[in-house]
Amino acid sequence: MAQQVAAFATTAQRQYPAVFAGSWLDDNGKAVVALAQGPGADEARTAAQSAGFEVRNVAKSESALRGEKTAFQRWLDGQPEAVSALVRGVVIDTVNNSIAVRVDKPGLPMPNFIDPARVIVMAPPVAGEQATLEASEIAGAANGALAGGDGYASVAGRLSLRCSLGFNGTDRSGNIVNVTAGHCNPDIPSAGNDNAARVHELNGNRLGNELGRFEKSVLGSQDYSIVRIADQSRDRFGNNEVRVPGAASIRIDGVATPVVGAPVCKSGSRTGFSCGVVNAVDQTVQVGERELTQAFSANICALPGDSGGPIVTGRLALGISSASSVADYPICEIPNLIGALTGNTPQLFAQPVSVVLSDNPGLRIRTN
1 MAQQVAAFAT
11 TAQRQYPAVF
21 AGSWLDDNGK
31 AVVALAQGPG
41 ADEARTAAQS
51 AGFEVRNVAK
61 SESALRGEKT
71 AFQRWLDGQP
81 EAVSALVRGV
91 VIDTVNNSIA
101 VRVDKPGLPM
111 PNFIDPARVI
121 VMAPPVAGEQ
131 ATLEASEIAG
141 AANGALAGGD
151 GYASVAGRLS
161 LRCSLGFNGT
171 DRSGNIVNVT
181 AGHCNPDIPS
191 AGNDNAARVH
201 ELNGNRLGNE
211 LGRFEKSVLG
221 SQDYSIVRIA
231 DQSRDRFGNN
241 EVRVPGAASI
251 RIDGVATPVV
261 GAPVCKSGSR
271 TGFSCGVVNA
281 VDQTVQVGER
291 ELTQAFSANI
301 CALPGDSGGP
311 IVTGRLALGI
321 SSASSVADYP
331 ICEIPNLIGA
341 LTGNTPQLFA
351 QPVSVVLSDN
361 PGLRIRTN
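For the sequence shown, UniProt numbering assigns the number 1 to the initial residue and increments by one for each residue that follows.
Any given hint could be a false lead.
[Unchecked claim] As a list, the in silico DMTMM-like pairs of lysine to aspartate or glutamate whose alpha-carbon atoms are at most 20 Å apart:
1) K60 x D42
2) K69 x E291
3) K69 x D115
4) K105 x D77
5) K105 x D115
6) K105 x E289
7) K30 x D93
8) K69 x D104
9) K60 x D282
[As the list claims (entries may be wrong)] Pair ranges (Cβ atoms, derived):
10) G314 x N195: 37 to 47 Å
11) S358 x D253: 13 to 23 Å
12) S173 x R206: 27 to 37 Å
13) G52 x A85: 37 to 47 Å
14) S84 x N175: 36 to 46 Å
15) G38 x G107: 29 to 39 Å
16) P39 x N112: 25 to 35 Å
17) S221 x T367: 25 to 35 Å
Source of the hints: derived by calculation from the structure; they are not laboratory data.
Note that the structure is a prediction, hence the values are computed from the model and not measured.
Heads up, the beta-carbon is just placed ideally off N, CA and C, and yes, glycines get one too.
Go ahead and model the full structure; you've got the sequences and the hints to work with.
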């Protein structure tokens, strides 16, 4: 249902721009389409209801909300650093037909068109790759299949970063690749060159054999890497699997667009397989010194080492783990308990796979 309403939204944005106000899945999994008053409202309502979607009347169209988001970003650009540094992101809150702002602490000044109830205080997002390994610790390598969520170490000189493999795939030349996080590359400028950072298998906390090298890494408004797999490891990546510890792997059979309310699960080498719900899409979020755009988020805990791992909805590839609001905790049980008591649940911020594919013609996620 999520992908059906996502497809409808794409069409509605084009055909009914004055009235379309977004779409989502409600708590019961029912697809909802929001419509404002204006030219084309009756036609849009008929189309949505004919497709089996519930229609809700709202005050502002998606176009109007995008205008407010742009106005907020202009306002923020004019604020002193004491204010702007504490604003972590802004997103169109489709369900509440408003703009939501994420901040580090309460009491910050806001423009008058921002609803105070939609100013959300949360810990600043952190890219979760902080665990390091000694590159000199070379251990023997295994020979089994490698799937999304399995751990790897990226190596540049004597520095190693622990991350998780993302989705297996092929590039436009037919080379076997894995799509993971951009910030998992410790030497981004070298990507695609002979001296590019290497990717190694992990055996516990020790480095195994080289699996490939970073062919492309993007870190800024997007966060993804394409790892070209070495010839000797091609067979190990010739699968469409996402790891589920203690259960059968998920076999990917397509790619999805993020939809608010859709059920999602992540796989990571640090915290394993866990699930939640998408709560924001197409958002801008500040992660350290960079601004991630077009991101989505879900109420899932992720910790250092989970970065780069796959996020799925059902059997569809949805995203790559990019940053977490609870990366400083040692285990997920602590922030999960705090979230249950306070409502301030862990947030996982993700890079949509659909954007990566759009930016790289010919890149494919493996589906067999």
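Right, here's what the structure says about each hint:
About 16 Å separates the Cα atoms of K60 and D42, which keeps this hinted pair within 20 Å; it holds. Of the pairs offered as hints, the one joining K69 and E291 holds, with about 15 Å between alpha carbons and a cut-off of 20 Å not exceeded. Restraint check for K69 and D115: the C-alpha separation of about 13 Å stays at or below 20 Å, so the hint holds. Between K105 and D77, the direct Cα distance comes to roughly 19 Å. Compliance with the 20 Å bound is thereby established for this hinted pair.
The hinted pair formed by K105 and D115 meets the criterion: a straight-line CA distance of about 16 Å does not exceed 20 Å. A distance of roughly 18 Å separates the Cα atoms of K105 and E289; the hinted pair therefore holds under the 20 Å criterion. Taking the CA atoms of K30 and D93, the gap is about 18 Å. The hint holds against a cut of 20 Å. Annotation: proposed proximity of K69 to D104 holds, straight-line Cα distance about 19 Å (limit 20 Å).
A threshold of 20 Å between alpha carbons decides the hint, and for K60 with D282 the separation of about 17 Å falls inside it, so the pair holds. For the hinted restraint 37 to 47 Å between G314 and N195, the CB-CB distance of approximately 40 Å keeps it satisfied. The hinted window of 13 to 23 Å between S358 and D253 holds, with their beta carbons roughly 20 Å apart. Separation of S173 from R206 is about 33 Å and conforms to the stated range, judged on CB atoms against 27 to 37 Å.
Our hint of 37 to 47 Å for G52 and A85 holds, since their Cβ atoms are close to 46 Å apart. Checked against the hint of 36 to 46 Å, the pair S84 and N175 passes, with Cβ atoms roughly 42 Å apart. For G38 and G107, the Cβ-Cβ distance of about 36 Å falls inside the hinted range of 29 to 39 Å, so the restraint holds. Checked against the hint of 25 to 35 Å, the pair P39 and N112 passes, with Cβ atoms roughly 28 Å apart.
For S221 and T367, the Cβ-Cβ distance of about 28 Å falls inside the hinted range of 25 to 35 Å, so the restraint holds.
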